[in-house]
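Given these sequences and hints, build the entire structure.
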Amino acid sequence: MPQTIRLLYAASVCLLMSQITYAQTIRQKTRYELEAGTYLSTAESNPFWIRSNQYGEVPLESNGFTIRAQAKKEYEPLVYNKKGKGKFSYGYGIRAVLNAGKVNQFLLSELYGKVRYGAFEFSAGRRREIMGLVDSSLSAGSYIWSGNALPMPKVQISIPNFTPILKNGLIAVKGNFAHGWFGTGDSVKNYYLHQKSLYVRLGKPDWRFKFYGGFNHQVQWGGQVLYPRYEGKLRITEFGSDWQTYLYVVNGKSLYTLDTLVIQNGQASAEGGNRVGNHLGTIDLGLEYEDEHAKWFIYKQSIYEAGALFYLNNIADGLHGIAYTRKKATSGILKVVVEYLQTSNQGGPYLSNRSTIPQLRGAEDYFNNGRYIDGWVYKGQTIGTPFIMPLRYTTGLPQSLDKNPNRIVNNRVNAVTLGVSSRIKQVELLTRLSFSHNLGNYDVPLDYTQASVQQQVIVPIKKYTFTANLAYDNAGVLKENVGLSLLVKRSF
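Residue 278 in my numbering sits at position 278 of the sequence shown, with consecutive numbering throughout.
Watch out, some of these pointers could steer you wrong.
What the hints assert, rightly or not - Derived DEER-like restraints, expressed as beta-carbon distance ranges:
1. Pro164 <-> Leu40: 46 to 56 Å
2. Lys167 <-> Gly370: 44 to 54 Å
3. Val459 <-> Phe177: 20 to 30 Å
4. Tyr324 <-> Asn474: 22 to 32 Å
5. Gln244 <-> Val459: 32 to 42 Å
Unchecked claim - Below, a list of computed lysine to aspartate or glutamate pairs in the DMTMM-like style, where the Cα atoms sit at most 20 Å apart:
6. Lys327 <-> Glu290
7. Lys210 <-> Glu288
8. Lys189 <-> Asp242
9. Lys72 <-> Glu121
10. Lys379 <-> Glu57
11. Lys327 <-> Asp291
12. Lys462 <-> Asp402
13. Lys210 <-> Glu290
14. Lys29 <-> Glu76
15. Lys403 <-> Glu428
16. Lys328 <-> Glu290
17. Lys102 <-> Glu44
18. Lys379 <-> Glu61
19. Lys489 <-> Asp186
20. Lys328 <-> Asp206
21. Lys327 <-> Asp365
22. Lys154 <-> Glu74
23. Lys379 <-> Glu428
24. Lys72 <-> Glu44
25. Lys174 <-> Asp242
26. Lys154 <-> Asp242
Read the hints as simulated data drawn from the structure, not as lab findings.
We treat Cβ as the ideally placed atom computed from N, Cα and C, and that holds for glycine.
Okay, structure coming up:
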């Protein structure tokens, strides 16, 4: 199966890029950007709000330079004629980043092609995405997929926008089904991502109230083990990656038990005693109210990982948010978002296997996993909320807390974030304040408070855009730090 999927991925990218290249000779509507800048700080690291939710483009280490270039083509507007034509469109993007300083790196942070037919889209490659019901512009980060890490290579079929399934528009849906590649981590190499989501909107487009609900499902699965591992007396060499295993990854059922491990040459080639892979995600609810002057959006993302949510043990945990937008405003305050993230409950301190009571599904240890030691991390950075980060990113914590600097040791966090978007004439402003109480985990309790502040100023001058970011972290889970980023961008 792995070779088949790799060939499918390669063929998909080639097909998309060949169609794009041919079509490009007919119609040229690609937008180009070139950007350059610098990062400076009083500590050795960039402040929290300069590096978080930047799709892995801003390194942890500070005092350096960056150059970015991008080319992107978006879809043509949908135009239908009597024969139903005009439903097809295509797009693509490539974005390269060169960082120089304490960290020298070259990143292809985006490289994708996409094809749309009607409401459906097929895409392949690295592409910026955020997943979950959330205000994407000012949120501190969607819990499960926030845009904090470098985009992962995927092949995906989706309905990217809410699309009515009834003529009156009362019910609309969107969702995706994807296969991705993690590559090699600390404990497993060549392992995969399975991802799917489904979201429903209830309410006609012209209704003032609309209700939203849905879920997303993420799985880390497959791969070859990089260090000796045993299930009972059987030595594990790799985790299952055949089609039967994949079906159980998709439906979330347990395929193997300790007595029915797949044996090859006297060694086990699949995990046992649990679901296949590391399963996690959120169940989301939202309520929107909109009139002529303003829009309100209230949302809640509830966390599931090891079964606590089924018994409502960790129902207090999750991302809670409210967003207020002034619809017709062109100056002053344009949008305000307030969020509260709680991950401190985790169903309580007791694991289900420590008790005969099945309802005790606690100590979920969010984003960590016993088989995929890196946890919910890609290329060293958390895929989900930036408040839960690997040890090396928590610069104010003792680095001796774990032998592996990529391990997450602080996942019991309660955080409040305020984001404000405003404009004074042509100058755009973004103000963000966050306060968090960091409790470590149930095995290694901690007690740190953290405050982080950001002020961003964007000034357009002719064909150039100048962006200044001033940020501050107090001494807590991070080192005390004042940082500045200066960027200038030219669009073509």
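To see whether the hints hold, each was checked on the structure:
| no. | hint | result |
| --- | --- | --- |
| 1 | Pro164 <-> Leu40: 46 to 56 Å | holds, 50 Å |
| 2 | Lys167 <-> Gly370: 44 to 54 Å | holds, 50 Å |
| 3 | Val459 <-> Phe177: 20 to 30 Å | violated, 42 Å |
| 4 | Tyr324 <-> Asn474: 22 to 32 Å | holds, 28 Å |
| 5 | Gln244 <-> Val459: 32 to 42 Å | violated, 57 Å |
| 6 | Lys327 <-> Glu290 | holds, 9 Å |
| 7 | Lys210 <-> Glu288 | holds, 5 Å |
| 8 | Lys189 <-> Asp242 | holds, 16 Å |
| 9 | Lys72 <-> Glu121 | holds, 17 Å |
| 10 | Lys379 <-> Glu57 | holds, 11 Å |
| 11 | Lys327 <-> Asp291 | holds, 9 Å |
| 12 | Lys462 <-> Asp402 | violated, 51 Å |
| 13 | Lys210 <-> Glu290 | holds, 9 Å |
| 14 | Lys29 <-> Glu76 | holds, 9 Å |
| 15 | Lys403 <-> Glu428 | violated, 44 Å |
| 16 | Lys328 <-> Glu290 | holds, 12 Å |
| 17 | Lys102 <-> Glu44 | holds, 9 Å |
| 18 | Lys379 <-> Glu61 | holds, 15 Å |
| 19 | Lys489 <-> Asp186 | violated, 37 Å |
| 20 | Lys328 <-> Asp206 | holds, 17 Å |
| 21 | Lys327 <-> Asp365 | violated, 40 Å |
| 22 | Lys154 <-> Glu74 | holds, 19 Å |
| 23 | Lys379 <-> Glu428 | violated, 32 Å |
| 24 | Lys72 <-> Glu44 | violated, 34 Å |
| 25 | Lys174 <-> Asp242 | violated, 29 Å |
| 26 | Lys154 <-> Asp242 | holds, 18 Å |
Consistency note: the structure conflicts with the earlier hints numbered 3, 5, 12, 15, 19, 21, 23, 24, 25.
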